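Enquirer: Based on the hints, put chain B in the right spot on chain A.
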Amino acid sequence: MARYIHYTDPNSEDMMRDLEEIPRCPGICFFMDINRSTDIKYQGGLKDWGRKLNNTFNNLLYANHFQKHVVKGIGDEVMLFIPDEVLQKKTSNNTCFALLEDIYAALFLIKNHPDQDLYLNCKVAIHYCTEVHNITFFEGADDYYGSDIDLTARLMTKCVENRIVLSEKFYIKVVNDLINMGLPMETGCLARVSERFMENFRGVPVSTAYRVIDVQ
Amino acid sequence: MEINEIKTDQCVIIGITGRLDTTNYSVLEKKIMELIDNNSTKILVECSKMDYISSSGLRILLMGLKKITLMKGKFALCGLQENISEIFEISGFTSIFDIHASTEDALKVF
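Line by line, the protein sequences are chains A and B. Numbering (our numbering) for the first sequence: 1 to 216. Numbering (our numbering) for the second sequence: 1 to 110.
Read the hints as simulated data drawn from the structure, not as lab findings. Just so it is clear, the structure is predicted and the values come from calculations on it, not from any experiment. Incorrect hints may have been included.
[To be verified] In silico BS3-like cross-links for lysine-lysine, where the CA-CA straight-line distance does not exceed 30 Å:
no., chain 1, residue 1, chain 2, residue 2
1, B, Lys74, B, Lys42
2, B, Lys42, A, Lys90
3, B, Lys42, A, Lys68
4, B, Lys108, A, Lys90
5, B, Lys42, A, Lys89
6, B, Lys49, A, Lys89
One chain only, chain A, in its complex shape (with noise of 0.2 Å):
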């Protein structure tokens, strides 16, 4: 749970102390969308929209299987965020790897179902973070603030419909993952992932390479 940080006084030393020594929370972060559910919303009603995006987020496998990480959702927006002490102790999609390749086949799944009045398609950016910290300023709640968290949403961006926009900083972990089960780099959907750009993303310091795999 998050560490709940509130000081009524704005010049508080206990809670410079407090920052101060937050620890930081490495894991992966990913931010997905649902394209076009903003204009059905207004062509087809509540009943429309709602039956589609109940379909799509119980197609979302991966994102179910880690639905306690769900840490907020603007619109139609889902962050998922999932340290890797919680990673490690699944039995499946217990790797970069794992969760990339059911992210692809989820959104496989939906591009290629016969009926294509059932679903929408989606979009995910996905970065591994180590400047992040899970903190919260509302009593209750559970977040995950810190750098890497805004340049995962920077990343989305750079995301269309039936892609994966990928940091090289997890690209770097799905390939030491790779390594490690003794497979090729073409294995699954990294047969499709592209090569590597730099973007200079906005309040971002520093140049950012990410890749991206578009789901066929």
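Expert: For chain B alone, coordinates are given in the frame of chain A:
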């Protein structure tokens, strides 16, 4: 996960035991592709001992169905456990796959 293969007069039965997930879906993919390459276009996947399936596993079954359908063959499933049936239902797979309660029932349609 373990896979076994039984050839019958009607079709090839692939039995899956254990968890079908990201760590092993490629084994099933390879097996299905081998059968297709050898012109086996009637495949029954027996799932009564399969206790977990991830999206990666579902993807391979969908790919198998699509390839076999294009070859005008038959691809069916049988013996799904309750938790697996639920995943098939929420994935919208119950309407696109030919699913049977038991191997005996399934063999009648081949």
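Enquirer: Against this structure, judge whether each hint is valid.
Expert: Hints, verified against the model:
1. B/Lys74 with B/Lys42: Within the cut-off at roughly 5 Å; holds.
2. B/Lys42 with A/Lys90: violated (36 Å)
3. B/Lys42 with A/Lys68: Roughly 41 Å separates the two Cα atoms, so the pair is violated.
4. B/Lys108 with A/Lys90: violated (40 Å)
5. B/Lys42 with A/Lys89: violated (39 Å)
6. B/Lys49 with A/Lys89: holds (24 Å)
The earlier numbered hints that this structure contradicts are 2, 3, 4 and 5.
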